[in-house]
Each structure stands twice: as C-alpha cells, then as structure tokens.
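S.K.: Residue numbers (numbering that gives the first Met the number 0), protein chains in the order written: chain P, 0 to 424; chain D, 0 to 461.
Keep in mind that the hints were calculated from the coordinates and are not lab data.
One should not assume that every hint holds.
[Said to hold, decoys possible] Partial list, derived from the structure: chain D residues whose beta carbon lies under 7 Å from chain P:
1. Phe287
2. Gly383
3. Met386
4. Val440
5. Val444
6. Asn446
Ideal Cβ placement from N, Cα and C applies to all residues, glycine included.
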Amino acid sequence: MNTMNTSTTNLLQPTKDLRRRYRTERWFKRLGVTAISLSLAFIGFLFITIIADGYPAFTQTYIELEINFAEQAFTRENLAAADYPGLVKKSLREMFPEVDSRQDLKRLYSLVSPAAAYKLQHMVEADPRIIGTSRKIWVLADDDVDMLMKGKMDREIAEADRRILDNQLAWIDKLVAEDKLERRFNAAFFTSGDSREPELAGILGGIKGSFLTLLITLSLSFPIGVAAAVYLEEFAPQNGWTDMIEININNLAAVPSIIFGLLGLAIFINFFGLPRSTPIVGGLVLSLMTLPTIIIAGRASLKSVPPSIREAALGIGASKMQTVTHHVLPLAMPGMLTGTIIGMAQALGETAPLLMIGMVAFIVDIPGSVSDPAALLPVQIYLWADSPERAFTEKTSAAIMVLLAFLIAMNSLAVFLRKKFEIKW
Amino acid sequence: MIYSYLFPCIVLLSVSAYFLGVHRAQTIAASSGGMRAMHSLPTHYGMFTALNCALPAIFVLSIWKIIEGTVISSMISRNLPPELLQLSANEFTLVMNEIKNVAFGWVNQSSTHPAIESAAEHYLTSLNTTRNLVSGVVLLSCIIPAVITGRMINKDLRARNLVEGTFKIILIACSGVAILTTLGIVLSVVFEALRFFQAVPFTDFIFGMEWSPQTAMRADQAGSSGAFGAIPVFAGTLLIALIAMSVAIPIGLLTAIYLSEFASTRLRTWAKPTLEILAGIPTVVYGFFAALTVAPMIRDIGNWAGLSVSSESALAAGLVMGIMIIPFVSSLSDDVIFAVPQSLRDGSLGLGATRFETIRHVIIPAALPGIVGSILLAVSRAVGETMIVVMAAGLSANLSFNPLTAVTTVTVQIVTLLVGDQEFDSPKTLAAFALGLLLFVFTLVLNFIALRVVRRYREQYE
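Working from the sequences, and respecting the hints, build out all of it.
M.R.: So, in structure tokens, the structure goes:
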C-alpha cells in the first residue's frame, strides 16, 4: 500500500489527477464569471433598449402655418366658439392650392394635430388684439407624421400597408424643403396630462399623482413605522403577543402586493366608502405595504445603537422613555431615514395594488388635491403600454426613463445619507 | 364654517395648553423652592395638559365623523314623502345621492322632483346646524379638560409617569397596526371568498379542469356557462414560476458563490449594489420590456426554427420574471455563504482540497438551509408577481406545460376579473377573491416553511 513512497512523485509537477481537479476549478470560476456577466448584461440590455426607444420622445414634429385671424371668423361674443379648426384648414389650403378633391383635402388636414386648433384658441383668448392680423405659428404635427420623421415608419413598403399615403408623403417632403416642418424639444411631455392623441400626451398628471400619493404614504407609514419599531425593540416584553406581532410583520413583508390591493378594495372602498381612484386610498394601501419595510429597517438601526448609550442615560437618572427619545432614537435616525427612502422608492414603482383600487382610469386633468382622481406614473406607463398607437411606445419608454431617474435619485440619496451619517461604533 | 378648521383649532389649542402647563409648572416651582421640589420636569406638565386637551377632542371628532352620514340621513328621511321611503335599498341610496348633489349645487335644480328639492334644502340646514353643534362640543371638550388639568398641576403630580404611559399606549397601538392589517387581509379576502363558495362549490373550484369565468347578466343570455375550475390557472402559475426559477437559481447561486468565494473585495463592493439594481427596477418596466422586446424576439427565433410560438408565450414572461428574481436568490444566498466561518474553509483547504471542492463538500452543505430558504422565498415572490404576467402573459387558461404557448396565472385572473365591469356581487368578481385567498394561503405557507427550514437546520457555529 506504500506505492506513493516508491513512485517518483515530484511535488512541483502535478499529477494527472490534480490537474483534472484544478481544471474543474477553473471551469467553475469561468461559470461564476459568466453568471455575473449575464446578470450585468441583462441590466445593460434593459437600459439600452429603454433609452434607445425613449429618447426620440423628447422631440416632437412641428409644422409652420400662416394663420390669418380674419375679423369675419370672430363675429360672436364668445371667443371660444370661433371656428379655429377652420382657420387651420384655410391655412393648409392656401399652402397647397392644387389639392381640391374632398378625400385629398381630408388627408391634407390630417397632417396637423387636433391640438393646433386649441393652440390658436389659447392665443386669441390670451391676447384678443391679434384678431385681424396674420401670424406664422408653429403647431404640432399629427403623430403619424411624427413617426415618419423619426424613422419609425417605412417609406418603401406598399402604399396600402402604410398609414402615410403617397400624396401625404409628397406634401411632407415639400414642407421639409421649405423649412416649414422640423423637430423641436417636446416640452408638452412634461407639462400636460394624459391624452388620447400621442403628440399631446404628457406625464405631469402622473408625476403629480405619484407625488401626492407618496406624500400620504410617507406621512402615514413613517410615524407609525418608527413608533412600532421603537416599541418592539425597546419596550416590548418577551411574550406570545410580541412574537405574534413579529411573525405578522415578517409575513406582511412577503405577501404579494396584489393582496394589499384586494384589502384596499374590500375595506377602504367598499366598507369605509372612500372615493375610488384617489391618492388617499392609494396612499393608504401603499403605506400598509411599506410599513413592514420601515419597521424592519428601524429595528435593525435601533439594534445597532450600542447598549452603553442606553446604560449611560439610565445611569444618570433618565427614564426609559427619555433614554429612547433623547439618546437612542436620534442616533438610530439615519438608518431609519435610509430605510424609509428605500421603502418609498419601492412604493413609487408599485402598480398592482393600485389597479385593484381603480387608479387605472384615463385621467386627463392634473390632480389638484389628494381627493381628486389621479393616475400614478407606473399606472400611466401601464396604460400607455396597452395603447395601440405606434407613437405611444416611445412615450412609454420616455416615461420609464423618467421613473427610473426618480428611483435612481432616491436610492442614491439613501446611499449618500447612509455613508454620510453612518456612525462606526 | 368653523367645522372645516376644527383640526387646526385643536392643534393650536393643544400647543397653547402645552405652554400654559409649562408656565404654571414653573411658577409653582418658583414658589416651592426650585425645580427639585417638583416630581417631573416642566415639559412633562406641559405635555400632560396638551394631551388632555387634544385627546378628548380628537376622540369626539372621530366618533362624529363615523356617525355623521347615518345621523344626517335619518334626519332627512323622516321628512321624505312615503313613496320615496318604500324604495329598495339600492334605489334609496340613489335618492340620497341625488339629494346631496342638488344640495351642493352639482345638478341643475330644475330637473328634479319637488320633494327632493325640499329635502335638499333641509339637508343643508340640518348639516350646518349639526356641524356647528359638534364644533362647539369639540372645542369645549378641548378647553374644559385642559383647564381642569391646569388646576391639577402641583408639585406632587406624577406627570412624567402619566405622559410616558400615554405615549407607550400610542406606541403599542402603532405596533398593533401590523396585526390589524393581517386581520383586515384575512377578513376581507375570506369574507368575499366564502360568498363565492356559496355560489360555486369548493371542490368544483379546486379540482375543476376548465376555467371560463363568464356569468349571465340576464336570464336569457347565451354563453353564460361559468366554469370556475382553477386547475388550469394554477398550472399556468406553476409553469411560469418553474421557468423563472430555472433561470434565477443557477445564475443567482453561481453569482452568490463566486462573489463570496472567488471575487476580490473590490469586485464585491461594486458588483453587489449593481445586482441590487435588478431588484429595484419596477415590475411595470419588466412587463413592458417582456411584452415589447423579449416576446417578439422569442417569437422570431421560434418562427426561424420552425416552431409555432405564441406572441404571449409563457417563456417570455418566465424569462423576464427569472431575471427579476436573480437578486433575491443571490443576495440571500450570498449572506448565508458569507456567514459560514472561515475555520471550516481553512480546515478543508488545509486537507488539500481545491477551492471548488471546498465549496461543493463543505460550504454548500453548511449553507444549504439558508439557500433553500432563499429559494423558497424567491418562489413565493414569483408566484405572487403580477405586472410582468399581466403585460406579457395571456388570458387563455390552457392546461399545458409547453412553454411556447400562452397561459394565464392566478394574478392575471385576479386583475382581469376586478378591473372589468361586472357588478360586485356576481360570482365572476367574487372568484377573484377566492383566487386571492388561495394565493395568500400559498405564500403564507411557503414563507412559514422557509422560515422553519432555515431555523431548524441552521448550523450552530461556536
């Protein structure tokens, strides 16, 4: 059995067996690197796709029209009742006098967005003195024209398969040649609410709705969460009730979010009769969802305060409540704030429970208060993702970019706060 | 008018009660020989007065807000003509809504019944008088206790104990919110699910093989066969969860092992947060990505390979869900593997094992309960995920295990049943609550098992 001693084993020259074992290890390391690079590649692919799809949404196509605010068109007292679409159509006819058949005229008019008429109305209502003058005005083009200019529509395929017909193509090319059609920064994306017309759709309603809902979520979940964490960590006796509360909190942290939506629907809307689709109910549901996160993060940061602080405070005569409020809580507050910011970031991206409580309606107005119906940014993304118009794809990607920007900002704030106020005991 | 400003009034009165209490404590202290003679600090006396001012007022106000609706309704319905009082419950609420609309001027008055118009005026006057009355009561319940406690302040009053006891009760109430939430979830889901099981038997639901939740709105409507067998829906959930775990477990585990065993500290410090990004991306974004990028890609690959791939295949939803779950598996496993003590590794390496053999024979068995726990938690997350499947998976309940077909899951069915336009009592919408109950029970059991497995089989390291 002592073959090992008699063979010429050179420790510096590995045997075949040993080489095989090292080879296996190298393969395993390569597998590990592949796994990590796959994950990072997914992240990169996701971001690149979203950004590539989304950045064209920040520009929009405009057409320059010469509008004659003829006095005859404004004979009535009510400025809003004037025929603004008629003014737009007249200007288009003057630019293309060769178009005369009814079908062709309809195609010509459809190059301009319906929003053009509203823009003229706003201009006249803001300054009625422009009646009687002639102005060159840049108005929004229709979303099909916009898709063509952004290269999303193929000019080469057969006319029957296209949304832009040949004669429309000829007019568009003529407008481009005369410098009357160009792409500009799409400020309407950030200043207007939802719309059925893609060129008018904006995310201001979604942002304001999210802001109001998160405000309610924060004002409800932060105090209750901190209070519960303080009680469970500092004051609770070790008995069955406390165990049950702890089990409950851990379970709630892992319950699927749609169940919270069912809870909101059954109790807040049906039983308490709160108004549907408002930030109040959305905030209540989201605060119930973020409560376990804040409690768990709060307990962890309270646990990290060393016992010497507590004992010193008790030693100079403070009561338990005074120790906690004057000494332990301020030291644990950075950790609690970090946990709250992360919880808010998670709540910002939640959609499923909000679908249950009805925040999935088509809301055009910007919500003014917490009891106005609102749509949130993630729900807005969901609604736009379902819309059939081609132009909504880029709007959805752009809205996703805005949402991700907010999330990255919140998470970076949390990391920055943690690094800055972290106390190494 | 003062009713809408009641809450700021209460706050203002409480703050002034606080300062009055502090001032009174300080004057008493000055006349009894300094602060040492008092039992508590002045802030405690001030807080005692403020709490006695605020709490009774908030209590009265809350009770009023709860009973306001019924009180006003009963006051008006006493004066309504008899034919309106005999309407069914639903129509009576409609009449009440119409009265409120007319009273607040949201409806053109000329188009309403004269009895409703007079009832609307009566509504406004009774609302105003009762609100003024309640405002008076609330303000009195704010001021009177504050004055009484102000008189009670003397040097022997144990204000600190009383104040701290009150705060402790508030803390306990806040902790109870968690129990209330669970109770609320259980009650709401169970209550509605029981109503569903009265219409559709439990065994039909659990063991039925056909899911087609259509119910007739009228007696003569065709296509009203409501088949509520949930097995195809469960099968769909299982299929997508299986695909997701088959992506997440290998990548997640390998990442965890590599990061904790082979990676340098520098790689670890920036790779871990980057992987957390995957967990922080909202699921709507994943759903959009799955529906618009991944599903067409899979369909094109399938067509190129000659297979028939649905555009809402389970593979697309499962893949993207797997990507989303990777950080769950990798973070939790990484923590567990990192916690295995160095002595075990050193012993194994000292005996001549390579790093890979150490991992396979020593570390993974030691960390196995934690890894299994993290996988179970990831499975529960996959089963409960909604947005990815709503946007990328289909609605047809096929009972198939082919990942290239469209399947539907429990969460998709809950969403479609409740976002639709059926009335709330029909079995179709109640089926959503039954599905929700099953989902809740399933994730609860899974989490419970995960916790028990981790706790019971966890190695006790000295």
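S.K.: Compare the structure with each hint and give your call.
M.R.: How the hints compare with the structure:
1. Phe287: Check passed: Cβ of D:Phe287 comes within 5 Å of chain P, closer than 7 Å.
2. Gly383: Hint holds; D:Gly383 Cβ to chain P Cβ min 3 Å, cut 7 Å.
3. Met386: holds, 5 Å
4. Val440: violated, 10 Å
5. Val444: violated, 11 Å
6. Asn446: holds, 5 Å
Violated hints, listed in ascending order, are 4 and 5; each of the other numbered hints is respected by the structure.
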